[in-house]
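Based on the provided sequences and hints, a complete structural model is requested.
When we follow the working numbering, the leftmost residue of the sequence shown carries the number 604, and every step to the right adds one.
Some hints here could point you the wrong way.
[What the hints assert, rightly or not] Here are the in silico distance ranges between beta carbons for each label pair:
id : residue 1 : residue 2 : range
1  : V697      : A789      : 33 to 39 Å
2  : V697      : A778      : 28 to 34 Å
3  : S900      : E653      : 48 to 54 Å
4  : A778      : L675      : 29 to 35 Å
Hints in this document: simulated from the structure, not taken from any laboratory. Where is the CB? At the ideal position from N, CA and C, for every residue including glycine.
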Amino acid sequence: MENPDSAGDIAKTQPRSIWIRVWHFPLVVLVVATAIIVGTAFVSAAVGQELIAPNFGENTAIIMGALLLVTLTFLVYKIGVVPLGAKKHDDLPVNRAALRDTVLGFTGGAALISLCVGLAALAGVYTISGPGGFTDWAFILFVTGLYAGFFEELLLRGIIFRWLEEFAGSWIALAISALVFGFGHAGNDNATLFSSLAIAIEAGILLGAAYMLTRSLWLAIGLHAGWNVVQALWGVPVSGNPVDGLVRAELEGPPLLAGGGFGLEATIFALVVATSAGVWMLWKAQKAGRVVSPMWSRKEAGITSY
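As structure tokens, then:
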């Protein structure tokens, strides 16, 4: 005979369990986490525009704005995003490995873009005409480096890639997040369809692979920042944004070799160099068992890659 109290308990707990399952569903978490981080960025931008920019010089305002954004998004991520989902995972652990991976990534990013510069010079499309004024130092270090490296990796790899991966698996997540990243630069100066596709392939694969391999954002952050900063130091436009670096340089030649005003990221050099490094890390990640299967094929097995 059915116990009335037990039936009542089931009726009370079943809707709750359904809501919990919905709340933990990867695509729901993706939307919620994106809203949290993007909302935090808007708050940071508003504070910068209303309180920082009117009261400080340009370079000081750039530095303070970048530091504010990184600090706020880091704290909000720890408090509001890490607890989301059925399987908790902190992609920004504060430990010795974080420093190691960031330094390794920065060095690797610097080396990869410097190799691209060297290849462009050998091809005769990159020439140095003299020393640069380095007047954009704050923008180079704190916007293209710190801001882009930290915030874009947190949003693209730490949220979009991670939760797409939990739903659809590593390969679909890599493809979609790469396209979002590439075409997120479509509004930049001198951007073309080719430049957006190039960034999607070279950077989308490279940075996504760095996250897959380490299951942490620090290596990807370092790679992103090192690539951007050193690219600017060589006097090369960063994703279409012209900068005054350590040297005054010109990129002149066919668009496939010189980038057509967008910079080296829209050239065959970056496509080959960065994509090759990314494919190598993908191979390492797969060998280490870091590739996640789609939710519908995992069934009840869960995620074992982190």
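How the hints compare with the structure:
1. V697 - A789: 33 to 39 Å: holds (35 Å)
2. V697 - A778: 28 to 34 Å: 31 Å Cβ-Cβ, so the 28 to 34 Å window holds.
3. S900 - E653: 48 to 54 Å: holds (49 Å)
4. A778 - L675: 29 to 35 Å: holds (30 Å)
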